[in-house]
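S.K.: As you go down the protein sequences, you meet chains A and B in turn. As numbered in the numbering used here, residues 3 to 361 make up the first sequence, in order. As numbered in the numbering used here, residues 3 to 361 make up the second sequence, in order.
Rather than coming from a laboratory, the hints here were simulated on the basis of the structure.
Below, computed lysine-lysine pairings styled on DSSO-like, alpha-carbon distance capped at 30 Å: (1) B:95 with A:320; (2) B:39 with A:320; (3) B:39 with B:164; (4) B:320 with A:39; (5) A:280 with B:95; (6) B:164 with A:164; (7) A:339 with A:280; (8) A:301 with A:320; (9) B:280 with B:320; (10) B:339 with B:320; (11) B:280 with B:301; (12) A:301 with A:280; (13) A:164 with A:39; (14) A:95 with B:320; (15) A:39 with A:95; (16) A:339 with A:320; (17) A:95 with B:280; (18) B:301 with B:320; (19) B:39 with B:95; (20) A:339 with A:301; (21) A:164 with A:95.
Derived Cβ-Cβ restraints for the label pairs, each shown as a range: (22) B:16 with A:211: 57 to 67 Å; (23) A:46 with B:313: 40 to 50 Å; (24) A:211 with B:95: 35 to 45 Å; (25) B:9 with A:151: 35 to 45 Å; (26) B:315 with A:66: 20 to 30 Å; (27) B:64 with A:316: 28 to 38 Å; (28) A:241 with B:9: 22 to 32 Å; (29) A:177 with B:89: 31 to 41 Å; (30) A:124 with B:95: 22 to 32 Å.
Take a look, some chain B residues computed to stay more than 12 Å from chain A by CB distance: (31) 9; (32) 25; (33) 30; (34) 55; (35) 77; (36) 178; (37) 208; (38) 286; (39) 341; (40) 343.
All residues carry an ideal CB built from backbone N, CA and C; glycine is no exception.
Protein chains: 2
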Amino acid sequence: MRSLEVDLGPRSYPIWIGEGLIAQAGECLRERLMSPKIMIVTNPVVAGHYLGALRQSLEGAGFVVSQVVLPDGEAYKTLETWQLIFDGLLADKHGRDTTVVALGGGVIGDMAGFAAACYQRGVDFVQVPTTLLSQVDSSVGGKTGVNHPAGKNMIGAFYQPKAVLIDVTVLNTLPVREFSAGLAEVIKYGLIGDAAFLAWLEEHIDRLMARESAVLIEAVTRSCENKARIVGLDEREQGIRATLNLGHTFGHAIEASQGYGQWLHGEAVAAGMVMAAKLSVQLGWLAGQELPRLVRLLKAAGLPIAPPAGMAAAEFLKYMAVDKKVQQGRIRLILLKGIGEAVVTDAVTAEQIQTFLEA
Amino acid sequence: MRSLEVDLGPRSYPIWIGEGLIAQAGECLRERLMSPKIMIVTNPVVAGHYLGALRQSLEGAGFVVSQVVLPDGEAYKTLETWQLIFDGLLADKHGRDTTVVALGGGVIGDMAGFAAACYQRGVDFVQVPTTLLSQVDSSVGGKTGVNHPAGKNMIGAFYQPKAVLIDVTVLNTLPVREFSAGLAEVIKYGLIGDAAFLAWLEEHIDRLMARESAVLIEAVTRSCENKARIVGLDEREQGIRATLNLGHTFGHAIEASQGYGQWLHGEAVAAGMVMAAKLSVQLGWLAGQELPRLVRLLKAAGLPIAPPAGMAAAEFLKYMAVDKKVQQGRIRLILLKGIGEAVVTDAVTAEQIQTFLEA
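Here chain A stands alone, though its shape is the one from the complex (with noise of 0.2 Å):
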């Protein structure tokens, strides 16, 4: 089991990584969690696989635990579905000193935590991440919330789980287009702040898509690795933590208006990189010949390197102008002075980004 501490303060909290955690998530939590009970939030898919080895190492632990099965799907990561949680934790008397655990992907990891922000104004919170995407992104940094039909994670809080299980096993179930979009977010680490990772994960790629357990250990450890360092510096992301959302800007405007869960996340964002790194070279602030190595690589992991046919400069800018990364009526754009260098910039005027967009 590999182990790294997610440095805050009085919320740090460590990330375990491993083969087989999710058999062991009782041992490793009665150490960490002064509660005597747990809610389990979850989805059917996931339940499928693992509710029951999660809930039999929880209860041979002690812990007195129930469950709650949202239904399946970033459509469902509404304030509606979220308030399921509440009805749950409520029918079961849970107390102030619960905790929540989230076992699935993203989805389910934001509206757990978010739940656990505002039960009783705050209980303890656990993360189980299901999905390739979940363990390396929305598993680390506190980020919590759901969406609002007119934009997504628009209503949530920040806040800190007590631990994160990382068992890489579950990847083994886990969709083949699911796997590619978790991968988005591994090579953005690279892409980012990370050259010397970028530079593995090309030598790694086949070797990753072929899910070897060593290989996605120390995949996901680096990712979380070169999360967990940008969070620290920038818990409530005043400034540096915005280049997490390399590629989300163009990305977040293609999945609202595709509708969401018709691109997954990653998708969406491998395509928002692909613009993202467009726009730089054209500035003069990205080399010309990283353009086609990051195409190269993306489309190795199974990745779009484009946004959808026919999705016009008009639909973009609706969905970016409502985006959270608009700062006093300017748009904020995080782009790259070279492969390992992302900066966040609003240089960039609405004109030049709508001559971009066209084109």
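Go by the hints and put chain B onto chain A.
M.R.: The following block gives chain B in isolation, referenced to the frame of chain A:
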């Protein structure tokens, strides 16, 4: 204008108390806030009296102002009503740099504050409390939230405002029953930690009931000072802050059993404080002669001194069992060891409480 600082380190904020402050809100806030936009959250009753004046003052100081008018009353303190605030914020394209201003009583303050805590994971928040209760209680301390059918304030956040602006002039339009309900919390501050203030209240209760401005300002200021002192010692309610819940465990049971909105919060707290005092006398913790003194003061303030006739012990226990004051299955109570000396205790057994409630 009186001013006091709530000392919470980086989350410290000022409370301004005086006459006619709503008309000066724009100037006061211009120096305090960076945001270009403001969203006022209020209800139709308060809007009829003060929304125009507040808007005028804020717009005069250069803010772009939106408004959401929520239905009035505790019955609407729900997740469903709360969502209307997000609908308004997104419809008017408020960004992460907006400020939510609560203009109203505790229900408005709790819902607007909770929306500010969650909108784009947290935007600035200002309170303009318009009831005596919210001026002395919910505007200090950062508790925000909504009710769930299974319990009061079960969903919420700790979230501090950037400033609180208390205009005692607004109390002139407050219905007498609501004014009295506010006095229950004022009296509570004397009971739990400020015997001198309780004596001052006994002397000034008639002038207070006549709503003399100078006496109101003094009572509100000393109440806020008391609350600010306690919250400053214990922001997250780990210890001493729980004494602020004197009368609330019994009071919440009364409110919940009668249906929210039938008994006002302060009325339920008044009856709950008498119950807590009686139990304290029975335990030999409080001198018997203090009880008629408390009853006399509450009566002079126009408050009930007993729970609803016919409310059974079982009814109390049903609602107390999911109260947030339950820790590890034991009921924590706030009781009195003297006037001005409240304690948090789990020394009273469930049987003792049942016997007390049945008597």
